[in-house]
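Top line first, the protein sequences correspond to chains F and Y. Residue numbers for the first sequence follow the working numbering, so the first one is 1 and each next one is one higher. Residue numbers for the second sequence follow the working numbering, so the first one is 1 and each next one is one higher.
For the record, the hints were derived by calculation from the structure and aren't laboratory data. Hints are not guaranteed to be accurate.
[To be verified] Not the full set, but computed from the structure, chain F residues with beta-carbon under 7 Å of chain Y:
1) F17
2) R19
3) T59
4) P62
5) G112
6) I119
7) S120
8) K124
[Stated by the list, open to error] Here are the computed lysine-lysine pairs in the DSS-like style, where the Cα-Cα straight-line distance is at most 27 Å:
9) F/K7 / F/K109
10) F/K24 / F/K89
11) Y/K581 / Y/K555
12) F/K89 / F/K22
13) Y/K245 / Y/K59
14) Y/K245 / Y/K287
15) F/K109 / F/K89
16) Y/K518 / F/K7
17) Y/K518 / Y/K581
18) F/K22 / F/K7
19) F/K22 / F/K32
20) Y/K480 / F/K22
21) Y/K518 / F/K124
22) Y/K504 / Y/K480
23) F/K32 / F/K109
24) Y/K245 / F/K109
25) Y/K287 / F/K109
26) F/K124 / Y/K480
27) Y/K480 / F/K44
28) Y/K480 / Y/K555
29) Y/K504 / Y/K555
30) Y/K59 / F/K109
31) F/K89 / F/K124
32) F/K44 / F/K7
[Said to hold, decoys possible] Some chain Y residues near chain F, calculated using beta-carbon distances under 10 Å:
33) R472
34) I476
35) V530
36) D534
37) I535
38) N537
39) P541
Backbone N, C-alpha and C fix where the C-beta goes; we use that ideal spot for every residue, glycine too.
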Amino acid sequence: MLVISRKSVEHLRAAIFIRDLKAKSDNEAIRKMLDSLGGYPQVKDLESLATAVFERQETDPPLFPGGIAFPHARTDSVSALVMVFATCKEAIPFGNTRVRLIFLIGVPKHAGAEYLEIISFLAKHVRGERTLDRLMEATDLSSFLAAFAEPNG
Amino acid sequence: MDNAEEDPQKRRLSPLFRRLLKIKVWLVDRFRLSERQITLIWAALVGFLGACASESFRKASSLLHYAATGSDSGIILSFEHLPWWQRLAVPAVGGLLAGLTLWLGSRLFSSVRQKTTTDYMEAIVVGSGNISVRASIVKSLSALFSISTGTSIGREGPLVQLSSLVASLVARMRNFPIPQRRHLVACGAAAGIASAYNAPIAASFFVAEIILGTVVVESLGPIILASVVAAFTSQLLHGAEPLYKSPGFNLHTQWEMIPLSCVGIVLGFVAPAYLRLLRSAERLFSKIDIAVPLKLALGGAIVGLLAIFNPAVCGNGQGLLRSLFHQGWFWDEILAILLLKLIATATAFGSGVVGGVFTPTLFIGAAIGMLYGQAILYIAPGLRSDPAMYGLVGMGAFIAATTGAPLMGILMAFELTLDYALAPFLMVNCVVAYYCSSIFERRFMYGESLERKGAAFFNQQLAEVNIQDLVRVNPITLPKNATFARIAETFVQHRFQHIYITDKENRLLGAVSLHDVKTFLDRPELETVVIAADIMNEDFPRVSPRQGMGEALHKFSEANSERLPVVDDLSSQRLIGSISKTDIILHLAGDQKR
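With the hints as constraints, model all of the structure from the sequences given.
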């Protein structure tokens, strides 16, 4: 099991969880997830964050086998790492890939190491079939995070 | 061998001639003069010529002094016979003339600018061994005006300068390589000091300890020879008497060893205050926004003003030192002249008078030592101490504490007085004074000057280096969408600490640092999710060929990197290559060697 820092654990606990996100496209899904960050104290400028995330999507959409997307951006429009997790019962098309699980991450420019640690942690765990199922079954943030604590399968 | 095949020329050589030729070849082979031996010969010549240059300066100084005061006796005696207004006017006019010389010199010869009194140090330590002839003459002429008219400054400065100049000229004429040229200038400096103080051993160690920073036989040998030759030449002209011959001291009781061993503690603690006084005077005068001639005239006028009350304040203090050791001085007289001398020396030094502070410093050390001796005599009259003995030891201790050169201090005080009985006390006190002074002071008398010159030289060298000449083209780059796998692979293949990220037009977007990613290089899960754009530092420092090397080095410190990307223009950001810190250092080192 991958060990992560206390700070990253705190970021995970402060994340927003959206159960059963419905959207017709990747942009709509990302927009909805971004909107959930409205009023979030760490987000200094939501529109700048949105621009950065969409720009990053255009460069090379970060997708993972099994229908997992990692829309993210390193931008100074956030003062600390922010995350929104979403499960989608109905898969959302991200280009040619049907996505069921989305991890949206906003990282301040200075927090490159935290960003790599979180991404690495998430990407490593979602590779397990059983973890993926448990994540999809999660009803709230606690059960979502609990899925990471269990052994991969 | 068949004779028919021999060269007809060879056949003409007789057996005797051949034998002689063989002997000659053997002799040349055995007794061929190496570079070291040749340096010794030149060092001896430099010693002689240096002493001649010093003597010429002395003669010129005496003539000018006579012209200014109408007296050919010593500076103090001459000033005693002058009316009050002349005591004021002579140093002030001397300062004005000295300043005008510098001012005119700087206007006529650009090389005079930015050079200070200790050019020979620069030439030996950081320079090419070349000393500007014009600059040296201008400065020596300026010093001549100041010294002849009673300013409280040492003659040793211009004497060493001229002697070093002679050495530099000899080295240039012989077209010696830079290290040898520098070495010969060091010999010249030692010759100047040796002829100024009739102290060849101390002169050798002054150059070795203070300027070269090493006492290695390889470099010391020629320096010693130059000093000895210079001292002998001076002795032929002035006699072999030591400059401040000791009247001969005896300890009346062995208990006196205790206070005598503690003079160094007092002087070691006073020395930093003295150095700060000199620096403060320099700062104070630098704030006075007037032309150099007026500044030096002001410095001279202050000395003249003090001379109205006590003419003994004039000159370098050589006469005073002799008088201190041989005539009974009361403590209040010593204190008064000490305070006046401190003001006069600080004023002369601060106003920028060309000259040295070595002799005034010797006097100040001796005066403080004598005051200490007077205090011991008052506290413990049973010891029957001779304060002059403390003065002599104090002189050595103070010079050791102010120059940061205890070895030179011991030898100088010993050679100046030739009192063997006091040698052990000199040794103890010079070392103790140096250690006490080092607690509060790290910038000693000549070290600071060398430091400044070193920095100036380095900056000049840096300014001359062109970034364009050191650019390595075709640096390793990746596009901003390069995957983490590719980044990791690139880092493994190349030993660079940073990979530059560029766009299609080869514009620099940022750099990915190995330091940032090294812990994640073995994570396969990142290989496709993370790209260069996610982890690059967009603000990574960069330089353009239009920037100076000093600026580039500053950016190196910001980036904490061995290499910096070079862009053609800071607005267009087109990457043309990279520049490495090592290349700059090697380039600078190469410049030094040339």
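Okay, the hints, checked on the actual structure:
The interface hint given for F/F17 is violated, since its Cβ lies 20 Å from the closest Cβ of chain Y, which is over the 7 Å cut-off. A least Cβ separation of about 23 Å between F/R19 and chain Y goes past the 7 Å threshold, and the interface hint is therefore violated. Interface restraint check: F/T59 against chain Y, minimum CB-CB distance 5 Å, threshold 7 Å, status holds. Annotation: interface hint on F/P62 holds; nearest CB of chain Y at approximately 5 Å, less than 7 Å.
The restraint placing F/G112 at the interface with chain Y holds, with a minimum CB-CB distance near 5 Å, inside the 7 Å limit. About 6 Å separates the beta-carbon of F/I119 from the nearest beta-carbon of chain Y, less than 7 Å, and the hint is met. About 5 Å separates the beta-carbon of F/S120 from the nearest beta-carbon of chain Y, less than 7 Å, and the hint is met. Interface restraint check for F/K124: the shortest CB-CB distance to chain Y comes to about 5 Å, inside 7 Å, so the restraint holds.
Distance check on the hinted pair: F/K7 and F/K109 sit about 16 Å apart at the alpha-carbon level, within 27 Å; holds. About 12 Å separates the Cα atoms of F/K24 and F/K89, which keeps this hinted pair within 27 Å; it holds. Restraint check: the Cα-Cα separation between Y/K581 and Y/K555 comes to about 11 Å, which is no more than 27 Å; the hinted pair holds. Only pairs whose Cα atoms come within 27 Å are accepted, and F/K89 paired with F/K22 is accepted, the gap being roughly 8 Å.
At roughly 23 Å between alpha-carbon atoms, Y/K245 and Y/K59 fall within 27 Å of each other, so this suggested pair holds. For the given pair, Y/K245 sits about 42 Å from Y/K287 by alpha-carbon distance, which is inconsistent with the 27 Å threshold. Distance restraint check for F/K109 and F/K89: the Cα-Cα separation of roughly 33 Å exceeds the 27 Å cut-off, and the hinted pair is therefore not satisfied. With a CA separation close to 20 Å, the supplied pair Y/K518 and F/K7 stays within the 27 Å bound.
With a C-alpha separation of about 22 Å, the suggested pair Y/K518 and Y/K581 falls inside the 27 Å cut-off, and the hint holds. Annotation: proposed proximity of F/K22 to F/K7 is violated, straight-line Cα distance about 31 Å (limit 27 Å). At roughly 9 Å between alpha-carbon atoms, F/K22 and F/K32 fall within 27 Å of each other, so this suggested pair holds. Under the criterion of a C-alpha separation no larger than 27 Å, the hint pairing Y/K480 with F/K22 is inconsistent with the structure, at around 32 Å.
Our distance criterion of 27 Å between C-alpha atoms is met by Y/K518 and F/K124, whose separation comes to about 17 Å. With a C-alpha separation of about 10 Å, the suggested pairing of Y/K504 with Y/K480 holds against the 27 Å cut-off. Under the criterion of a C-alpha separation no larger than 27 Å, the hint pairing F/K32 with F/K109 is consistent with the structure, at around 23 Å. Restraint check for Y/K245 and F/K109: not satisfied, since their Cα atoms lie roughly 75 Å apart, outside the 27 Å limit.
Between Y/K287 and F/K109, the direct Cα distance comes to roughly 47 Å. Violation of the 27 Å bound is thereby established for this hinted pair. For the given pair, F/K124 sits about 24 Å from Y/K480 by alpha-carbon distance, which is consistent with the 27 Å threshold. Taken as a hint, the Y/K480 and F/K44 pair is honoured in the structure, with Cα atoms around 26 Å apart against an allowance of 27 Å. With a CA separation close to 23 Å, the supplied pair Y/K480 and Y/K555 stays within the 27 Å bound.
Restraint check for Y/K504 and Y/K555: satisfied, since their Cα atoms lie roughly 26 Å apart, inside the 27 Å limit. The straight-line distance between the Cα atoms of Y/K59 and F/K109 is roughly 74 Å, outside the 27 Å bound, and the hint therefore fails. A hinted pair counts as satisfied when its Cα atoms are at most 27 Å apart, and F/K89 with F/K124 qualifies at roughly 22 Å. Our distance criterion of 27 Å between C-alpha atoms is met by F/K44 and F/K7, whose separation comes to about 20 Å.
Among the interface hints, the one on Y/R472 is violated; its C-beta lies about 27 Å from the nearest C-beta in chain F, farther than the 10 Å criterion. Proximity of Y/I476 to chain F is violated relative to the hint, the smallest CB-CB distance being about 20 Å (cut-off 10 Å). For Y/V530, the interface hint holds, the least distance from its beta-carbon to any beta-carbon of chain F being 6 Å, beneath 10 Å. Contact between Y/D534 and chain F, as hinted, is supported at the beta carbon level, the nearest pair being about 6 Å apart and thus within 10 Å.
The beta carbon of Y/I535 is positioned within 10 Å of a beta carbon in chain F (closest approach about 5 Å), and the interface hint is therefore held. A distance limit of 10 Å between C-beta atoms decides the matter here; for Y/N537 the minimum to chain F is near 8 Å, and the interface restraint holds. Taken as an interface hint, Y/P541 does not check out: its beta carbon lies about 15 Å from the nearest beta carbon of chain F, beyond 10 Å.
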